Amino acid sequence: MTPAFVQFWYLKSEIKSAALSIWQDNWDNRETDGSAHDTVPRVSNKPVGWNREEIMFVTRHRPIPSYLHRFNLQTHDNCSCGEKGGPMHYATKCRFTLSWHFQTPTVSLKLQWLKNILTNNLSRTRLRLLMRFICDENNLIVEDNN
1 MTPAFVQFWY
11 LKSEIKSAAL
21 SIWQDNWDNR
31 ETDGSAHDTV
41 PRVSNKPVGW
51 NREEIMFVTR
61 HRPIPSYLHR
71 FNLQTHDNCS
81 CGEKGGPMHY
91 ATKCRFTLSW
101 HFQTPTVSLK
111 LQWLKNILTN
121 NLSRTRLRLL
131 MRFICDENNL
141 IVEDNN
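Note that full-length UniProt numbering numbers the sequence shown so that position 45 is 45, with each residue one more than the last.
All clues stand as given, with none of them false.
List of simulated lysine-lysine pairs, DSBU-like, C-alpha gap at most 30 Å:
1) Lys84 - Lys110
2) Lys46 - Lys110
3) Lys12 - Lys46
4) Lys84 - Lys115
5) Lys110 - Lys93
6) Lys46 - Lys16
7) Lys115 - Lys46
8) Lys115 - Lys93
9) Lys16 - Lys115
In short, the hints are calculated from the structure, not lab data.
If you're wondering where the values come from, they're calculated on a predicted model, not measured in any experiment.
When you get a sec, could you build the whole thing from the sequences and use the hints?
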């Protein structure tokens with residue numbers, strides 16, 4: 001190897017290391033609820049391998065009522081059944097999503113429960129079907145704003 005190549009390789013690895021360090025610092029110190037951070041605490045250039053529905057569930061993004069309410073796209077964060085419409089509600093309690101329910105975890109095991117779902121192919125399939133139902137039937141599960 002030529003000295004120029006070694007210097008280039010070293011410089012490239014130092015830049016990559018610094019970028020990952022800055023990214024990790026931003027990831028650790030951001031001001032959100034932390035659901036995604038708890039599930040994936042370390043940043044990486046390698047994708048986690050989740051699809052759209054799994055990402056929406058973990059990050060609590062649309063079409064979840066609590067997300068829509070946070071950005072003033074909806075006046076409240078309730079499901080049509082009257083309870084707060086968050087991902088855990090739809091995955092464990094909501095009567096409209098009964099076909100896709102998972103067993104309700106204890107508070108202390110909630111993070112491990114989510115990690116287990118995201119590593120089990122059968123559970124991931126059920127989670128994707130749940131989120132597709134929520135997207136397709138949003139008018140059924142999101143309480144009317146009026």
